[in-house]
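Q: Residue numbers (this note's numbering), protein chains in the order written: chain B, 1188 to 1299; chain Z, 8 to 258.
Fair warning: there could be bad hints in the mix.
Between beta-carbon pairs, the in silico distance windows are [claimed, not checked]:
id, chain 1, residue 1, chain 2, residue 2, range
1, B, Lys1282, Z, Asn10, 23 to 31 Å
2, B, Ala1265, Z, Leu26, 35 to 43 Å
3, Z, Asp221, B, Leu1292, 22 to 30 Å
4, Z, Phe125, B, Ile1211, 34 to 42 Å
5, Z, Val15, B, Ser1248, 48 to 56 Å
6, B, Leu1252, Z, Asp221, 48 to 56 Å
7, B, Ser1248, Z, Leu168, 35 to 43 Å
8, B, Met1295, Z, Asn31, 40 to 48 Å
Short derived list, chain B residues pointing at chain Z, Cβ under 8 Å [to be verified]:
id, residue
9, Tyr1191
10, Ala1192
11, Ile1194
12, Ser1216
13, Ser1230
14, Gly1232
15, Leu1242
16, Ser1247
17, Ser1248
18, Ala1250
19, Lys1281
20, Lys1282
DSS-like, lysine-lysine: derived pairs with alpha carbons at most 25 Å apart [stated by the list, open to error]:
id, chain 1, residue 1, chain 2, residue 2
21, Z, Lys182, B, Lys1281
22, Z, Lys180, B, Lys1281
23, B, Lys1212, B, Lys1286
24, B, Lys1282, Z, Lys115
Worth flagging that the hints you see were computed from the coordinates, not collected in a lab.
Don't be surprised by glycine CBs; every beta carbon is placed ideally from N, CA and C.
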Amino acid sequence: MIQYAAIILIVFGLYGLLSNRNIIKMIISLNIIEIGLNIFIISVGFVYDGIAPILTSTNSSSALLYVDPLPQALVLTAIVIGVGTTALGLALAKKIYSKYGTFELDEMGDNE
Amino acid sequence: MKNLIAFVLSVALGVLMVLSLTNNDWFAQFGYVDLADRVSQSYIDKDVTGNPGEIIFGITSNPENGAANIVTSIVVDYRSFDTLGEVTVLFISALGVALLLNSQDKNKRLALNFKPNFMLRVGSRALFAIILMTGVYVILHGHLTPGGGFPGGTMIASSILLLYLADDQFRTKVKGFKLLEGVAGSFYVIIGLLGLLLATYFLQNFLPTGTVGDLLSAGVIPIVYILIGLKVGSEIAGIIDNFLTEEEVSL
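Work the whole structure out from these sequences, hints included.
A: This is how it looks when you write it as structure tokens:
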């Protein structure tokens, strides 16, 4: 069941986010949560025997059984926003590294 | 100890999610969704505003939305306002990256720790052209095949990343990208306003939609997707440029 796989990914990501003190690992954990969420949203629209929601010369009628296109459109949005937030997070991480010389949150603050 | 608490918390959340999925009357079981209950069926039948009957690929002409790819018809037509917001989010994050990493024009590009030879430089130029053309193809066929402005724009940006990685002298013209990004974003809003003027509401399709499945069909959808592709491509290329340049350390 793909939905349970998505939930497992979300749990992994959440655990990584809570237990890691390394900025890069935290960003990776956020991305894992995001991937899990995207898979979950896609799975909400799945229909057995449904085909991809694109009219082609072989699947030419709108009366055929399609999977739900709306979650796919929403996930398209979510992926792009995920790219943007990851880029912003990595830029912040780069700035932090150039200031403190480390990615570990615990080692920051003392040695200005 | 902290890790144990984190583990227990995450697993508890996962168990809660699994419990909420099983035997939930309000949440359809996996794979047994009835699309007729959902708004998506109107998007597939293209009958949000009127009932055109069955849509046949290559035959039906001038439905309310001419895109053969139904996901595209949602992203760029029915929910185009959503996409405008999404493009704005991407713009703001690109702006944030530029603000954080860019410092005037004193920065130089990141040095490679090898010297690219002649074959690598020429070969990467040839591959650049192929990847760029694939990106343009994906953008232009966004209303017919899987893909569209977002993946196509990312492909264009990845071709520029290839040039950065294979050539130690390469620098993009960041100003040109900024200009392209601004122009494409503005034209998206202008097309929305034209929809308000020529039709009735913001971002409405005001061009004839043509026959489903033709390259020149679907009204404003290909135009908007080309603009989105240019905007996403230039934004991600700008982000790549920002990450691959470093401040010149003046000691």
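Q: None of the hints should be skipped; say for each whether it holds.
A: Comparing the hints with the structure gives:
| no. | hint | result |
| --- | --- | --- |
| 1 | B:Lys1282 <-> Z:Asn10: 23 to 31 Å | holds (28 Å) |
| 2 | B:Ala1265 <-> Z:Leu26: 35 to 43 Å | violated (25 Å) |
| 3 | Z:Asp221 <-> B:Leu1292: 22 to 30 Å | violated (56 Å) |
| 4 | Z:Phe125 <-> B:Ile1211: 34 to 42 Å | holds (36 Å) |
| 5 | Z:Val15 <-> B:Ser1248: 48 to 56 Å | holds (52 Å) |
| 6 | B:Leu1252 <-> Z:Asp221: 48 to 56 Å | violated (25 Å) |
| 7 | B:Ser1248 <-> Z:Leu168: 35 to 43 Å | holds (41 Å) |
| 8 | B:Met1295 <-> Z:Asn31: 40 to 48 Å | holds (44 Å) |
| 9 | Tyr1191 | holds (7 Å) |
| 10 | Ala1192 | violated (11 Å) |
| 11 | Ile1194 | holds (5 Å) |
| 12 | Ser1216 | violated (11 Å) |
| 13 | Ser1230 | holds (6 Å) |
| 14 | Gly1232 | holds (7 Å) |
| 15 | Leu1242 | holds (4 Å) |
| 16 | Ser1247 | holds (4 Å) |
| 17 | Ser1248 | holds (6 Å) |
| 18 | Ala1250 | holds (5 Å) |
| 19 | Lys1281 | holds (7 Å) |
| 20 | Lys1282 | holds (5 Å) |
| 21 | Z:Lys182 <-> B:Lys1281 | holds (23 Å) |
| 22 | Z:Lys180 <-> B:Lys1281 | holds (23 Å) |
| 23 | B:Lys1212 <-> B:Lys1286 | holds (19 Å) |
| 24 | B:Lys1282 <-> Z:Lys115 | holds (16 Å) |
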